[in-house]
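2 protein chains.
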Amino acid sequence: MRWIRFTSEGRTAYGILEGDRVSEVTGDPFAGYQTTPRNHTLANVKIEVPVMPRTFYAAGLNYVSHVKEVAEKSGIAAQVPAKPDMGYRASNALIAHGETVIIPRDATEAVHYEGELVAVVGRQAKHLRRQDALSCLLGWTIGNDVSERNWQKSDRTFWRSKNTDTFKPMGPWIETEADLDTMTTTVRVNGTVTTRYRTNDMLFGVAEFISTMTQYLTLYPGDIIWMGTDGHSPNLKSGDVVDVEITGIGTLSNPFAREA
Amino acid sequence: MRWIRFTSEGRTAYGILEGDRVSEVTGDPFAGYQTTPRNHTLANVKIEVPVMPRTFYAAGLNYVSHVKEVAEKSGIAAQVPAKPDMGYRASNALIAHGETVIIPRDATEAVHYEGELVAVVGRQAKHLRRQDALSCLLGWTIGNDVSERNWQKSDRTFWRSKNTDTFKPMGPWIETEADLDTMTTTVRVNGTVTTRYRTNDMLFGVAEFISTMTQYLTLYPGDIIWMGTDGHSPNLKSGDVVDVEITGIGTLSNPFAREA
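Residue numbers (my numbering), protein chains in the order written: chain R, 33 to 292; chain L, 33 to 292.
Rather than coming from a laboratory, the hints here were simulated on the basis of the structure.
Check each hint, because a few of them may be wrong.
Copies of the same chain look alike in the list, so a pair counts if it fits in one copy or across any two.
Dumping the calculated SDA-like pairs for lysine to any residue here, alpha-carbon to alpha-carbon at most 20 Å [said to hold, decoys possible]:
| no. | residue 1 | residue 2 |
| --- | --- | --- |
| 1 | Lys115 | Val99 |
| 2 | Lys158 | Ala289 |
| 3 | Lys185 | Val112 |
| 4 | Lys105 | His264 |
| 5 | Lys269 | Gly130 |
| 6 | Lys115 | Ala292 |
Keep in mind it's a predicted model, so treat the numbers as computed, not measured.
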C-alpha cells in the first residue's frame, strides 16, 4: 500500500496510490483516516513531502565503504562506528519529489547526494525489543541527504552542510510493504547510474537502531529515520537531475540549481 | 507580556499570565488568538511545555568558561568556537516546569544541569540582518539542558547523553519583553545557589546566531533556540530539585528521580 501526500485544487491531503490513481482521504495514516469519493490522476497532482516529522533522525555513517571514503577524503583514519549512535537533521530542509535543490551562492563545488532508505514511524513506541522493532513503522520512503562537503569539514556541526533549506528531498510516497533484503538503492545523475548498493547492507540495521534508540527515547507517529548511504557522489552542478531509486518503493527525483 | 500553555479541566490551551491570573485564549500566540471569558488561578492549572517546536536548535558551547571546563573534564585542549555553528536537540526530551527528570537506570552518576536562556521564534524568517534579527522572536523562556557526561564522551552523537526522554525541561512560560544585558541566570540545587552568570555574556549573541542561521535556513513560528550555558553542575541524584531562574522571565523548577 502506498500513502501519498499531495495538493490538488489548492487542497493538501493524503491519498492512497494505486497505479496512477490517487484515492483521496480525510485525516492521515497516523491518526486515522476516512476514504472519500475524490480521485485524481497522479500526473495531475503536486506531490508533497510525505510527512513533516516531529523528530528527524539520521543514522549518518552506516555503510562500511562510505565510512572509509569519508575518512579518506577528510584525510583521517577510518573509524567504523562501534554502536548505533543516532544523529539528527532539521525539517526546514525538507522538500518534495520534483522540487529544486537550491545550492547557496557561496557553496563550493563539493555538493553531493546521499541516496538513503527512510523508515517512517507509525505509532508511539518505547522499549522495543529488536524482534518487535519494525512493528512501530508505517512504512518506507526515500531520502537524498544533500551535503556541502567543505562546510561539513569547516563547521563544528552539520547545521549548514546538511540542513540548508532544500537540502533534504524526501519522497515520493510511503510504501508500507518492503522486503529489505531484496532491495537495491540506485542513484542516477542525468540518467547515468553513479551509485548502486544493496539497501540492507547496513552496519546496524533498522531494527537494531530502533531497539537501541527506544531504550532511551520515545518515537512518535510521523518521526522519520534516515538510514545512511553507501558509495560516493560526483560534484553536482546547476541543471543536474538526481534520481534515487529503491526497489519496491519508487524513485525520488530532484533538479539542482545554484542560487542566482 | 507572558504566554503560558496549560491544562485545566482536561483542556490544554494558551493563556496570558498577569500576576497569578491566567486569561485563557483560543488559538495560540503564533498563528493568532482570541480572548475568552475564562480565567484561572495559576496555582490551579497544570503548566505545560510552552511550545512544541518544529525545530529544536541549541547553541552548545557559547560561554568561554564553560568551554574551558568541558575541555578540562574531557582531557582535551579547550577550543573556543570561532563562529556560531548551531546544533540540535530533540523534542521527545521536552518536559514542563514541575515535571520529573527521569535518570535512566543505566546512567552513571555524572548527570548534570545546564541552565539556559531560550529564544522562541514568533514568525517565519530568512536572510535577517543582525540589527533586525530579534524581530522574528515572540519572546524568551528557560531551558535545562540535562546531560549524562559519560554518554557524552562515549557516544558519537548527543542522541542519548542529551536527548533521553525528560532530559529537556523548558518553561515555565514565554516572556515577550527582556533586557538581555541586565539579566542574570541563577541555578539552585535544593535551594542552594550552585551557578550564577550574566545571561548575555555569550561568545555569540542571539542576534548574531539568528542572522548567521537565516542566511541558510528558514526559521518557523514555534522554533526554539537554546543559547548555551556557563558554569558547572554537581552530580545530580534522585530527590534533587533544580531551579533555573533568569531575571525577568521566572524560575524553571524540576525534581530528579532515578528510574526504578
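Original post:
Of the hints given before, which are not true for this structure?
Top reply: Violated hint: only 6; rest satisfied.
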